[in-house]
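Participant: Sequence order for the protein chains is A and B.
Under our numbering, residue 122 is the last one in the first sequence; the count climbs by one each step, no gaps.
Under our numbering, residue 138 is the last one in the second sequence; the count climbs by one each step, no gaps.
There may be inaccurate statements among the hints.
[Said to hold, decoys possible] Pairwise CB distance ranges (calculated):
1. B:R9 to A:D17: 30 to 38 Å
2. B:R4 to A:Q75: 38 to 46 Å
3. A:D118 to B:D126: 40 to 48 Å
4. B:R9 to A:S117: 35 to 43 Å
5. B:S19 to A:N39: 18 to 26 Å
6. A:S21 to B:L68: 41 to 49 Å
7. A:D118 to B:T108: 33 to 41 Å
8. B:P111 to A:L66: 34 to 42 Å
9. B:G33 to A:K19: 44 to 52 Å
10. A:N53 to B:T108: 17 to 25 Å
11. B:L68 to A:D113: 44 to 52 Å
12. A:S117 to B:T70: 17 to 25 Å
[Claimed, not checked] A short list of chain A residues far from chain B (calculated; beta carbon distances all over 12 Å):
13. E6
14. L66
15. G67
16. G74
17. Q75
18. S117
19. D118
[Unchecked claim] Below, a sample of chain A positions facing chain B; criterion: calculated Cβ distance under 10 Å:
20. G23
21. I59
22. V101
Just so you know, these hints were derived from the structure itself, not from any lab.
From the three backbone atoms N, C-alpha and C, an ideal C-beta is built for every residue, glycine too.
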Amino acid sequence: MASTAEHPSMVLIARKDLKMSAGKLAVQCSHAAVTCTVNARKTHARLVERWMNGGARKICLRADDLGTLQRLAGQAQSAGLVTTLVKDAGHTEVPPGTITVLGIGPAPRRAIDALVSDLKPY
Amino acid sequence: MGLRSFFHRLTAPPVIGQSPNGPCKMVCVVNHGLKMGKGKIAAQVGHGAVMATMKAGSLKPLFVEQWLATGQKKVCLKGADADHLLALEQLAKDAGILTTLVHDAGHTQIPSGSLTVLALGPETDDLLERITGELKLL
Chain A
1 MASTAEHPSM VLIARKDLKM SAGKLAVQCS HAAVTCTVNA RKTHARLVER WMNGGARKIC
61 LRADDLGTLQ RLAGQAQSAG LVTTLVKDAG HTEVPPGTIT VLGIGPAPRR AIDALVSDLK
121 PY
Chain B
1 MGLRSFFHRL TAPPVIGQSP NGPCKMVCVV NHGLKMGKGK IAAQVGHGAV MATMKAGSLK
61 PLFVEQWLAT GQKKVCLKGA DADHLLALEQ LAKDAGILTT LVHDAGHTQI PSGSLTVLAL
121 GPETDDLLER ITGELKLL
């Protein structure tokens, strides 16, 4: 059995500047989590299984603005990680089409830490 | 995947479940009695949503398919405490709704094993409305 540090992880990076309510934030983050999981199962089935068995670790971080989110998405994609940008339908709180959350993973802890180690928890 | 399950997948008849008769959504009821931060709540609801999706994926695949194809509508509601969540779970189960309880590993903020979220669905709007219609938005 690998140690906890070896379990894959998922990060959900939300935009702080949108000032979403707790419920809105939770819903947007779970959109990202579900989409990432569904997509990752097609391409990284073993990784998803290990991630689930290891407690499906998820961490919610905050980014200052859209630019940061897009930069991180680009970096994660070039690192070959599963990424999802959540675009809100805009029924509530934010205008339609607003990008709210970036989901990365499940991916090895090290690969994720390398990208987001300077972000703070939300 | 093992050889046996591989062959099973090839030869098993396709899953023909019940199909939804209306738009579907997922409802996550958060235990508001716990003092969780916004990010913590988001991660817990994420756990619930992923677990519920996986569960429904094998038990009610047509519901999940429709739900994913129509923008995976989710609603986040407030529950008073753990007992409230458990009572709602029972009501939902009796109505034939798939339920998922999230217990936190307790690495941060709250005691280990706390019941944080009840995820319901994906299920038709009408049916969920009957169980959770009275609850407030988070």
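Participant: Each of the hints needs a verdict: does it hold here or not?
Facilitator: Hint-by-hint comparison with the structure:
Taken as a hint, the range 30 to 38 Å is violated for the pair R9 of chain B and D17 of chain A, whose Cβ atoms sit roughly 46 Å apart. Between R4 of chain B and Q75 of chain A, the C-beta spacing of about 41 Å keeps the proposed range 38 to 46 Å intact. Between D118 of chain A and D126 of chain B the C-beta distance comes to about 46 Å, which sits within the given range of 40 to 48 Å. Distance hint for R9 of chain B and S117 of chain A: a CB-CB separation of about 40 Å, consistent with the stated range 35 to 43 Å.
With their beta carbons about 24 Å apart, S19 of chain B and N39 of chain A fall inside the hinted range of 18 to 26 Å. For the pair S21 of chain A and L68 of chain B, the supplied restraint of 41 to 49 Å is violated, since their beta-carbon distance comes to about 25 Å. For D118 of chain A and T108 of chain B, the hinted distance range of 33 to 41 Å is not satisfied, since their beta carbons lie about 19 Å from each other. Against the hinted window of 34 to 42 Å, the Cβ-Cβ separation of P111 of chain B and L66 of chain A comes to about 37 Å, which satisfies the hint.
The hinted range of 44 to 52 Å is not satisfied by G33 of chain B and K19 of chain A, whose Cβ atoms lie roughly 25 Å apart. Taking the beta carbon of each, N53 of chain A and T108 of chain B are about 21 Å apart, inside 17 to 25 Å as hinted. At about 30 Å, the beta-carbon gap between L68 of chain B and D113 of chain A misses the expected band of 44 to 52 Å. S117 of chain A and T70 of chain B have their C-beta atoms about 37 Å apart, which leaves the hinted 17 to 25 Å range violated.
Residue-level check passed: E6 of chain A sits 16 Å from the nearest beta carbon of chain B, beyond 12 Å. Even its closest Cβ contact with chain B, about 18 Å, leaves L66 of chain A beyond 12 Å, as expected for a residue assigned away from the interface. No Cβ of chain B approaches the Cβ of G67 of chain A within 12 Å, the least distance being about 21 Å, so the stated non-interface status holds. The non-interface label for G74 of chain A is consistent with chain B: the shortest C-beta to C-beta separation is roughly 23 Å, beyond 12 Å.
At the 12 Å boundary, the C-beta of Q75 of chain A stays outside the reach of chain B, the nearest C-beta of that chain being 21 Å off. Taking the minimum C-beta to C-beta distance to chain B, about 16 Å, the non-interface status of S117 of chain A holds against the 12 Å cut. The non-interface label for D118 of chain A is consistent with chain B: the shortest C-beta to C-beta separation is roughly 16 Å, beyond 12 Å. Restraint check, G23 of chain A versus chain B: the minimum CB separation of about 3 Å is within 10 Å; hint holds.
The interface hint given for I59 of chain A is met, as the beta carbon of that residue sits about 6 Å from the closest beta carbon of chain B, less than 10 Å. At about 9 Å, the closest approach between the beta carbon of V101 of chain A and any beta carbon in chain B falls short of 10 Å, and the interface hint on this residue holds.
Checked against the numbered hints above, the structure breaks hints 1, 6, 7, 9, 11 and 12 and satisfies the rest.
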